[in-house]
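Kindly generate the complete structure, drawing on both the sequences and the hints.
In case you want the letters, here they are:
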Amino acid sequence: MMFFSMQRQAWHAMSANRLRTFLTMLGMMIGVGAVVLMLAIGQGAQYMVEQSISSMGSNLFMILSGGTTSGGVRTSTGAAPTLTAEDAQAMTDLPSIAAVAPMASGSAQIIYGANNWATQVYGTTPSFLIVRDWNVSSGYPFTDSDVRSATRVALLGQTVVANLFNDEDPVGKTIRIRNSPYLVVGVLDIKGQSLDGRDQDDTILVPVTTAQRKLFGSQFRGSVRMIMAQATSAQAMNKAERDLNDLLRQRHHLSENTESDFTVRNLTALAEATAQTTRIMSMMLGAIASISLLVGGIGIMNIMLVSVTERTREIGIRIAVGARALDILLQFLLEAVIISIVGCLVGAILGVGGAWLVNKLMDTPVVITAWSIVMSFLVAAAIGIFFGFYPARKAANLKPIDALRYQ
Amino acid sequence: MPGHVIHTEHLFKQYETAAGISPVLKGINLTVARGEFVAIMGPSGSGKSTFMNILGCLDTATSGHYYVNGQDVTVLDRNQLAHLRNKFIGFVFQGYNLLPRLSARDNVSLPLVYSGASVPEMRTRAQELLEKMGLGQFSDFLPNQMSGGQQQRVAIARALVNQPSLILADEPTGNLDTATSYEIMDILTKLNESDSITIVLVTHEPDIASYAKRLVRFVDGQIVYDGAPPPRKAREAA
Ligand SMILES: Nc1ncnc2c1ncn2[C@@H]1O[C@H](COP(=O)(O)OP(=O)(O)OP(=O)(O)O)[C@@H](O)[C@H]1O
Ligand SMILES: [Mg+2]
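Chains as they are written, first to last, in our numbering: chain X, 1 to 407; chain R, 408 to 645.
The reader is advised that the hints may include incorrect statements.
[As the list claims (entries may be wrong)] Here are the computed lysine to aspartate or glutamate pairs in the DMTMM-like style, where the Cα-Cα straight-line distance is at most 25 Å:
| # | chain 1 | residue 1 | chain 2 | residue 2 |
| --- | --- | --- | --- | --- |
| 1 | X | K399 | R | E416 |
| 2 | X | K399 | R | D466 |
| 3 | R | K597 | R | D614 |
| 4 | X | K399 | R | D479 |
| 5 | X | K399 | R | E423 |
| 6 | R | K494 | X | D327 |
| 7 | X | K394 | R | E423 |
| 8 | X | K394 | R | D484 |
| 9 | X | K394 | R | D466 |
| 10 | X | K399 | R | D484 |
[Stated by the list, open to error] So, partial list: chain X residues that the calculated Cβ filter (under 8 Å) puts toward chain R:
| # | residue |
| --- | --- |
| 11 | E314 |
| 12 | G322 |
| 13 | A323 |
| 14 | R324 |
| 15 | A325 |
| 16 | I401 |
| 17 | L404 |
These are computed hints drawn from the structure, not numbers from a lab. C-beta atoms are modelled at their ideal positions from N, C-alpha and C, and glycine is treated no differently.
Listed below in structure tokens is the structure:
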């Protein structure tokens, strides 16, 4: 039997029962739409996490003041900062550590001309840019000599620039941080969101000494809030963690059985865990959506079974005028596949449209990949064939006289 | 037996029902040569339809042999049987058996769908045959928009579309009034005489049987008479 006339037969059968055909397709539409939408949301989340992880810098440790209890809760934070810029300096000599940046931070009001903006100011050293893998998009970073002499210079994040400067080039301008003048030496590249959803570009960097002595003087007095350290390689992470602990315990004169007054956190491992969680969430979304696809497939099988029973006489007539079993099988399979593919097409469009709406209305990132569309297409065809096969075979194997006599 | 369109040897058929085994055909031996026009008559339940269905390869006998054109049908597989039904046999039913959602033209071309004809070829063949049946202007009509006689003529056109050498008709006029029945019989007679198509037809009416050239009478699953049909005057009188 020729394909063209087969399509015509299938079309006749489907248009004869428009409402039912539509309802069956609806099952597929919802299934495929849900899969495409859920994959888009899941992959959007994954994309965001990966983006933040790659913006974080690699092989990172964060060392915080204060110890850890067995439950993992940090004790006595803030009250007496125990880390110093000298601790950071000492870490640079460890062979497993590539770069170290101390951090003394606080929030401050920034003023430029008539504009003002509240943001987080970080006192650190030039190696911070290495540790965080961060570049300067215009101007220059401050230098080690700025750190030594505690000059009032600042590097601005893009969000700060956007809020303080209209169309001006900020480099070379003077801003006021907590009412003292600072020279803007450079502007940082865009970093985007961090893993916990903070805007990393809403920040200002100043020399750590400037922060300690001039900006947050009373608060820090030679100590820093935390230290960021980068291991030389991913393989060196375990050794680096031991080295950091040993070095700090020794420098803080802690005896064997006293608890540490600091905490070393493996940020890269944390990030990996987050990425893993997101991947699992993404897969779960897809899996849940797949169930509706399966239900859609069962709907097709159900309708095809009804259809075969209803059209037993028709099948008998076709067999009587010379249809082979294969012709009948293909006719019903084709119907099932057309229903599932048309349903899938509309479903994919609905899914993409839904993803677009989610993106616009809820400001959630979505990623639609070609393979998720191609996949749902293949799955739809497979479902059509799989769930259409049993009813189709049932039709094809009818004995002509039984089919003709069927009332 | 080569040269014979139909040849059956000791054809038996029995049905197994809840009440037990009931034999319906009890050893039918029948030979129909090319170009014959045979009418089968007999009381209701005597096994005529059962026999016709076996001849049309729609059903199978319990035992015995059936040869079509010398070919033993019992050894053919499903596809070969489908080919036989498609190309060699045209079946006309009492209840027309048209597909209700297809137009007259599409109904007529249905066998062509399964013999691999192209769509334009299907259209012209179907139109030709509808015209031959005097239904040229009805080709776009659905079955339920036509009278019984017209539907039966569509069904005959469908049976003819693949130029079969055998037409089997089980009470083709059973649902029609006398005048329309005669129209149908005139068509079949013409097919038999000018296209030399072999025809086997079942009927309860002697005047319909009188169109045939040979009469076979069934009683209780057996042939009790094989000879001349009733004289034509039965028809003239009606
Ligand atoms: N599928 C079946 N199962 C059981 N018995 C059947 C079946 N089909 C037919 N029969 C029986 O076979 C016998 C012959 O039936 P058949 O239809 O061949 O009769 P017929 O000669 O065509 O009668 P009519 O003139 O009424 O059409 C009947 O007694 C019928 O009950
Ligand atoms: Mg009968």
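Against the structure, the hints:
no.: 1; hint: X:K399 x R:E416; in the structure: holds (23 Å)
no.: 2; hint: X:K399 x R:D466; in the structure: holds (8 Å)
no.: 3; hint: R:K597 x R:D614; in the structure: holds (17 Å)
no.: 4; hint: X:K399 x R:D479; in the structure: holds (20 Å)
no.: 5; hint: X:K399 x R:E423; in the structure: holds (16 Å)
no.: 6; hint: R:K494 x X:D327; in the structure: holds (16 Å)
no.: 7; hint: X:K394 x R:E423; in the structure: holds (23 Å)
no.: 8; hint: X:K394 x R:D484; in the structure: holds (18 Å)
no.: 9; hint: X:K394 x R:D466; in the structure: holds (18 Å)
no.: 10; hint: X:K399 x R:D484; in the structure: holds (13 Å)
no.: 11; hint: E314; in the structure: holds (6 Å)
no.: 12; hint: G322; in the structure: holds (2 Å)
no.: 13; hint: A323; in the structure: holds (5 Å)
no.: 14; hint: R324; in the structure: holds (4 Å)
no.: 15; hint: A325; in the structure: holds (6 Å)
no.: 16; hint: I401; in the structure: holds (4 Å)
no.: 17; hint: L404; in the structure: holds (7 Å)
The structure meets every hint from the earlier list without exception.
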